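There are 2 protein chains.
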Amino acid sequence: MREAAPGPQRRATRADVARRAGVSDAVVTYTLNGGAPVARATAERVLQAVADLGYQPNQAARALKSGSAHTLGLILPDGPDPVFENPFFTEFANAVEAAARRRGYALYMTPTPPDQTSVVTRLNDFATRQVDGVLVVPGEGSLDPDVLDRIGIPWLQLNTVHEQVGVDSIGADLLGGAVLATEHLIAHGHRQVAFVGEIDEREPRYRGWLATCERLGVERGPALPSEYNRQSGYAAGLEIAAMDRPPAAVFAASDLIALGVLRALHERGVSVPDDVALVSFDGSWEAEYSWPALTSVRQPIEEMAEASVAAILDRTAPDERRHRMFRGELVLRASCGVHRPA
Amino acid sequence: MREAAPGPQRRATRADVARRAGVSDAVVTYTLNGGAPVARATAERVLQAVADLGYQPNQAARALKSGSAHTLGLILPDGPDPVFENPFFTEFANAVEAAARRRGYALYMTPTPPDQTSVVTRLNDFATRQVDGVLVVPGEGSLDPDVLDRIGIPWLQLNTVHEQVGVDSIGADLLGGAVLATEHLIAHGHRQVAFVGEIDEREPRYRGWLATCERLGVERGPALPSEYNRQSGYAAGLEIAAMDRPPAAVFAASDLIALGVLRALHERGVSVPDDVALVSFDGSWEAEYSWPALTSVRQPIEEMAEASVAAILDRTAPDERRHRMFRGELVLRASCGVHRPA
DNA sequence: TTGAAAGCGCTAACAT
DNA sequence: ATGTTAGCGCTTTCAA
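Protein chains in written order, with our numbering: chain F, 2 to 343; chain R, 2 to 343.
No lab work stands behind these hints, which were simulated from the structure alone. Model, not experiment: these values are computed from the prediction. A hint or two may mislead.
Claimed, not checked - Taking lysine to any residue and the SDA-like style, the derived pairs with C-alpha atoms no more than 20 angstroms apart in a straight line are: (1) F:Lys66 x R:Gln57; (2) R:Lys66 x F:Arg12; (3) R:Lys66 x R:Ala188; (4) F:Lys66 x R:Gly68.
Unchecked claim - Across the chosen pairs, the derived CB separations fall in these ranges: (5) R:Thr14 x F:Leu333: 50 to 60 angstroms; (6) R:Gly105 x F:Ala311: 23 to 33 angstroms; (7) R:Thr14 x F:Val166: 33 to 43 angstroms; (8) R:Pro223 x F:Ser272: 42 to 52 angstroms; (9) R:Arg104 x F:Ala311: 31 to 41 angstroms; (10) R:Gly68 x F:Ser69: 12 to 22 angstroms; (11) R:Arg221 x F:Asp116: 47 to 57 angstroms; (12) F:Ser272 x R:Arg246: 21 to 31 angstroms.
C-beta atoms are modelled at their ideal positions from N, C-alpha and C, and glycine is treated no differently.
Take these sequences, add in the hints, and give me the full structure.
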């Protein structure tokens, strides 16, 4: 319990402002939110009263009445690996928060087990709080769009690998990025490029690597399976180091994987980029201060975050929902080897 | 549960539940929130109705009425360096969110310029949203507790370096940690230990290093100034590498600084730990996958996060406000050199 | 251009 | 043990 003793406890309400300005509360709303014309002189009195009282609208009341809390939700996959351990997600979350705030929206950011039930539960909780829209970063499992739609709260999928019809989603051009990375390695003169990541015909980064090797007539190095984390990349790196004839070039499907690979190679005395040239994907902060710094396909995070917020706030009709794809760019650093101009 | 209701547009309200259970809304509140005894049979009918309707209380209404949104706020310093670039903050934020959720609270997490005005503005915004309490991670500037108190929303300071009377705060035992780190370096046999970090008589990490060198009669190596980021640590590392007689042991005041130092030493061909042994502070995720992995004083992040949430939720009287200090532990990895038993 | 008034969904004091 | 009711602070018809 807090006593009203010390500071100016009770916050001014609309009624206080109205009284001080000598108008009704409706007029206060009109001058503050628009919705009806207000005489210039009246508006000035109201604004003055607002300033005098330091009035700030109670958002809870506003949310109750209008159904909007001026808040967005961000659901991140809470798996065995803490999401925030991944600098890519961290950076993305940060950018989303900034984009939301720029538009006057607050953000609930919460790691959630990525299974359908948990996501539905969280979405319902958000609905209960009058959250205006939710950005969902999917984890392993797949979500049934119809079930999520039925909750009645606008949502949009981030970090999308496989687009689906009828689903609003945002994602980087994974395939294009993989092509960029692989081509770059080949431009360095390597005649063989290996891959570390998810090995699946449907995975765009895998496909991009595969297609590029074939297209440019380069030997496809071994494809080593890895989850998107450091530990798994480390294991793959150990395998590479143990090979009789390690591949001279490696494309890793994420920065985290590359960091793990790097660690393993260091431990085994394999030099990057001299023995093995490495290019990764994401272009997150951590990639810049690794040793050597990683050449990586940078996802346009700010741009995607901005687009996410924009898309969720002016949600279109169901039949206009679509996937929005963003092209990444190759950031040249040291891990791919000294860059020699073509 | 593929066959749920065909498009539950309107969410069920308390009135709907009451009607279905054949009671008044008050009884629904009583059985859900307690506050009055309810006959067993009645309660069961209510619960059944709740289940049937999939009723979930509207949190906005609840917030308006009760003044509590069941939400906490977390203010992180938004400086020239993005906060989330610092894995320590990232990890802390993550732990706080988890701790809050465990108690049924949601979290607003928002980077804010750390000056007084910006923080006050943000605190006011939180107040209008009926946020129950705010955790503030201070940046460079100092905040006037009285001004913040006057806003009327409970707050608590995290990541505290200098405790203040009358302020609820949480922080690691920085001095103790520095002692641990320095002692460890000395135990490795080094007769000189350098410091990289904030050079200020009031900074506990600096003081801990200083005091330990003196106490153990070891030569105090050069103290190099650095802000808490990678770039600044990198600059310091370059200086170290350029010295005629580089110090054989270095204590870096944060992981980020150490990562920068590491990068610079790598570039200059100075080996860690062979030429320079390095111990840092924080023990964040990134420190584990650097090369070499960093020996670091790990802050008990989960414990501190848990304590923060607990402290803010059962806020005590002003005269009981206090600082809560948490002891870190030294995590041995590779950067300090091969560990040889005493 | 402005005001009166009816709620939004929930809580809790008071009455029964 | 249960019901009635008066708001919380705001938005929004509908009237004036």
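### Consistency of beta-carbon spacing, Ser69 of chain F to Gly68 of chain R, with hint 12 to 22 angstroms
For Ser69 of chain F against Gly68 of chain R, whose Cβ atoms are near 20 angstroms apart, the range 12 to 22 angstroms holds.
For the range 23 to 33 angstroms, tell me whether the beta carbons of Gly105 of chain R and Ala311 of chain F fit it or not. 32 angstroms, holds
ask   = Holds or violated: 21 to 31 angstroms for the Cβ distance of Ser272 of chain F and Arg246 of chain R?
value = 28 angstroms, holds
When you check the alpha-carbon spacing of Lys66 of chain R and Arg12 of chain F, does it fall within 20 angstroms?
15 angstroms, holds
Q. Taking the beta carbons of Arg104 of chain R and Ala311 of chain F, is their distance inside 31 to 41 angstroms?
A. 34 angstroms, holds
Item checked: Satisfaction of the hinted span 42 to 52 angstroms by the C-beta atoms belonging to Pro223 of chain R and Ser272 of chain F -> 31 angstroms Cβ-Cβ, so the 42 to 52 angstroms window is violated.
Proposed proximity, Gly68 of chain R with Lys66 of chain F (alpha carbon, max 20 angstroms): Given that 20 angstroms is the threshold and the Cα spacing comes to 16 angstroms, the pair holds.
Checklist entry - Are the Cα atoms of Lys66 of chain R and Ala188 of chain R separated by 20 angstroms or less? => result Distance of about 61 angstroms is beyond 20 angstroms: violated.
For a C-alpha distance cap of 20 angstroms, please report whether Lys66 of chain F and Gln57 of chain R respect it. Between Lys66 of chain F and Gln57 of chain R the Cα gap is close to 17 angstroms, so the pair holds against 20 angstroms.
Honestly, do Arg221 of chain R and Asp116 of chain F meet the 47 to 57 angstroms range at C-beta? 55 angstroms, holds
Open item on the list: 50 to 60 angstroms was suggested as the range; check whether the CB atoms of Thr14 of chain R and Leu333 of chain F agree with it.
Closed with: 58 angstroms, holds
### Task
Kindly confirm whether 33 to 43 angstroms is satisfied by the beta carbon distance between Thr14 of chain R and Val166 of chain F.
35 angstroms, holds
Comparing the model with each numbered hint stated earlier shows that hints 3 and 8 do not hold.
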